[in-house]
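Dock chain one against chain two, each of which comes alone in its own frame, and use the hints as you go.
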Amino acid sequence: MKKLLQKIVGKSPWLYRINAGSCNGCDVELATTACIPRFDVERLGCKYCGSPKHADIVLITGPLTVRVKDKVLRVYDEIPDPKVTVAIGICPISAGVFRDSYAIAGPIDSFIPVDVNVPGCPPRPQAIIDGILEAIKIWETRM
Amino acid sequence: MTDILQPIFGLLIFPGGLFALTFGLFLKGLDRKIAARLQRRVGPPVYQPFIDLIKLAKKEMVVPETAHLWGFRLAPLFGFAGMMVAVTLIPIAGVYQGFEHLGDLLVLLYLLALPAIALMVAGSASSFPFGAIGFSREMVMMMSYELPLVIVLLTVALKVGLATGGLATFSLHKIVQFQLENGPFLFDYTMLPALVAFLIFIPGNMGVVPFDIPEAESEIVEGPILEYSGSGLALFNLVTSLKMVVVLGLGVALFFPTPLSEGFLLNLIWFSLKCLVLMIISITLVRTTTGRLRIDQAFKFYLRWPTLLALVSLVLTLLHR
Chain R
1 MKKLLQKIVG KSPWLYRINA GSCNGCDVEL ATTACIPRFD VERLGCKYCG SPKHADIVLI
61 TGPLTVRVKD KVLRVYDEIP DPKVTVAIGI CPISAGVFRD SYAIAGPIDS FIPVDVNVPG
121 CPPRPQAIID GILEAIKIWE TRM
Chain H
1 MTDILQPIFG LLIFPGGLFA LTFGLFLKGL DRKIAARLQR RVGPPVYQPF IDLIKLAKKE
61 MVVPETAHLW GFRLAPLFGF AGMMVAVTLI PIAGVYQGFE HLGDLLVLLY LLALPAIALM
121 VAGSASSFPF GAIGFSREMV MMMSYELPLV IVLLTVALKV GLATGGLATF SLHKIVQFQL
181 ENGPFLFDYT MLPALVAFLI FIPGNMGVVP FDIPEAESEI VEGPILEYSG SGLALFNLVT
241 SLKMVVVLGL GVALFFPTPL SEGFLLNLIW FSLKCLVLMI ISITLVRTTT GRLRIDQAFK
301 FYLRWPTLLA LVSLVLTLLH R
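Chain order of the listed sequences is R and H. Residues 1 to 143, numbered by this note's numbering, are exactly what the first sequence covers, in order. Residues 1 to 321, numbered by this note's numbering, are exactly what the second sequence covers, in order.
For the record, the hints were derived by calculation from the structure and aren't laboratory data. Wrong hints could be hidden among the right ones.
Within a straight-line C-alpha distance of at most 30 Å, the following computed DSS-like cross-link-like pairs (lysine-lysine) qualify [unchecked claim]:
#: 1; chain 1: R; residue 1: 3; chain 2: H; residue 2: 58
#: 2; chain 1: R; residue 1: 83; chain 2: R; residue 2: 47
#: 3; chain 1: R; residue 1: 71; chain 2: H; residue 2: 58
#: 4; chain 1: R; residue 1: 83; chain 2: R; residue 2: 69
#: 5; chain 1: R; residue 1: 3; chain 2: R; residue 2: 137
#: 6; chain 1: R; residue 1: 47; chain 2: R; residue 2: 11
#: 7; chain 1: R; residue 1: 47; chain 2: H; residue 2: 33
#: 8; chain 1: H; residue 1: 33; chain 2: R; residue 2: 2
#: 9; chain 1: H; residue 1: 33; chain 2: R; residue 2: 137
#: 10; chain 1: R; residue 1: 47; chain 2: R; residue 2: 69
#: 11; chain 1: R; residue 1: 83; chain 2: R; residue 2: 137
#: 12; chain 1: R; residue 1: 2; chain 2: R; residue 2: 83
#: 13; chain 1: H; residue 1: 58; chain 2: R; residue 2: 47
#: 14; chain 1: R; residue 1: 11; chain 2: H; residue 2: 33
#: 15; chain 1: R; residue 1: 2; chain 2: H; residue 2: 58
#: 16; chain 1: R; residue 1: 83; chain 2: R; residue 2: 11
#: 17; chain 1: R; residue 1: 47; chain 2: R; residue 2: 7
#: 18; chain 1: R; residue 1: 7; chain 2: H; residue 2: 58
Negatives, chain H to chain R, calculated, CB over 10 Å [claimed, not checked]:
#: 19; residue: 34
#: 20; residue: 48
#: 21; residue: 77
#: 22; residue: 103
#: 23; residue: 108
#: 24; residue: 110
#: 25; residue: 140
#: 26; residue: 142
#: 27; residue: 146
#: 28; residue: 147
#: 29; residue: 154
#: 30; residue: 168
#: 31; residue: 177
#: 32; residue: 192
#: 33; residue: 303
#: 34; residue: 311
To be clear about the criterion: a stretch of chain H counts as covered by chain R if any three or more of its residues have a C-beta under 8 Å from a C-beta of chain R, and this derived list gives those stretches [as the list claims (entries may be wrong)]:
#: 35; region: 35–47
#: 36; region: 243–249
Think of the CB as a built atom: it goes at the ideal place given N, C-alpha and C, for glycine as much as any other residue.
For reference, chain H alone in the conformation it holds in the complex (with noise of 0.2 Å):
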């Protein structure tokens, strides 16, 4: 019974569901305060999101004539469903252990794509030339820096398994095991470049501003979301803190998960910590000082620097060994 109960308590209550929600929304609040802070504004209170969030609940859903129906009210759905999985997959050092399966970080590499294809599918189904821009805009975006991605999850999983006597280890919790007894990577010199290539990874990810290419909200409206209202948008807001619990909670656990010490809330708390420090660097100090890229440009940004980045943190791991 109880290894029946477990996963759903994991779905719905701790790492995912309950906690991962209040977290990403607390997150994207702090990130509206200190975006505002930086810019000398007062700024909305710490639980804006929330408040959005009811709001928009309450609010009518509209559904344009022209647009394919199921498309249009399931795209949303798609990218929250794939979101709550994903926040599973994420071990917590010294609180949550994650599914200690092979191929756990490859299924993680799948799942993130999920948000970005949800935004493609709402694009295209609106029915809308605006949303049609944004749906191909995306699938620009999301071909750029998948690579990158890619090839830093690589890396990883070639030093842990090289380390440990194998080829390569696709197994987040294998990999969260050998940094808590071999010191994490962020004080690795071969994986320094990784880290970088990682960071710079966040923004175009989570699609903030020099990257928000598809969402373009002065020359094509927030192109997919465009048409989209009510409960429609207020799921794809908690797609988007979603995201950002697990991309930055990913982060946390490749690079630096080791914990502060034994006990469980004390844990939780570091791991918050990292996660809004990491929050700070890579998102919103990225999107209060830049302007936004033209498609081109962050389509070649993406091919030549986080991805020389992460190939030179591959060479550097494959002649240390």
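Here chain R stands alone, though its shape is the one from the complex (with noise of 0.2 Å):
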């Protein structure tokens, strides 16, 4: 039963952006990656939602910069409790060209727990796709 309903739930991961002080260049392709026909993520059954309320999974871009700091966290603290973050960018591993900011609070997995990590400045679509099914697997297990 447990495991009929872990399958079930996997088919229907809702995801949430977070843009901590990125330079949208991640957000560009990550709207594309859900818009554009070509590479349509509502066939996993996924959809973005508006509101953190609503969402399963997390999607953070950007470097975490002071200025953002306490509302990323105060959002994520909102999302409700089976949640899976993915990192995407190479800002959220090292901060990439903007490291030593001073400007920059830090990478965000000392802030907040990161599941998957999408390297690339940008990522390829393919590779943020990639990034999601491997958030839904883990997501699977949580619930």
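Below is the structure:
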């Protein structure tokens, strides 16, 4: 019964996007991944939702600047609990070209537990979809 | 005993309850699939709304600290209960008669306002600025699309009433019976403007893209249902899918209720097909091909074109008695 439920649940992951001070490169790549017909993620049952309360999988872009740190942490706390975090781009891993800047609070995984990293600047759409698939696998086990 | 059991059966299993829920969710899935195909995407499977519902029912429900607790919890139930009753009022020709009381069209009009009121209660009870904005926008939308709907219903009632020697017949059962005897209103030129007005009313009532101003996803992040999660959100999803069945079923009953033949199952499939065609014309095509209007534009649009069309139909009906 639990296995069946996990299988059902894995087919409906709703995505939420947090921009933690990114340069918009990864965000454009994410938006096209969802919207452009060729890389349709809705076929996996995904749906972009506007509210963090509806979300299951969180996609974080950007290196977490000092200015947005509190807001990002607050929004992250609002997401109901079985959740999986996917960090997209090189910035969440090491802050990329912005490393050691006074405006950067640090790589994201020192504040938020990151489950899947999708490196690249920006990553290819196929890599993002692959990351989302990995996140779905993790999410099934948590539900 | 049977006269007690029959309404309960009607509410829980056949026209309401089980049938309407599965039918509504399948309509929603088909809507998503067809919209995806129109945008040259693959799209989710048709059974996707069922999966979403199961998942949402399993997730936790977060209630904000500042929210009004009872209003927040009961708002989705209001809409759900109203729609469950409204489904049983819709007659399906050759399958289900509906209630034979005199004023069920008026009752349906009141019940159709309930989901919007539930959204308003939800928006104002969640104590969040975006919810409050969604609440005020929902109210404006409701005031604008109710007027053409009322005139369309009045036109149909007058048409049937004048032809049968009364004044106006506010009974869906009698309206359907009249059309079964004298041919559907779809082929009557005096009723065509009313049909177009009803087709324009549907996207506004369902809150799909050109008129999804109360739930604008990109500016006020789904407005009234923003704070809902888990089972509350699942109930709101059920309310929209039930509302789809009610509105499309009402359209079929008002304008083209003719059954295909004698068979029960065949008539049911025919009714579903008519609902599907109505949905594709008035919801799916509209929402894939348009962008969003502003609230004042939508208000002016509804008070201008559908109202004018419905009034034309009303005048034509009064002239050709």
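Hint check, failures only: 20 and 36
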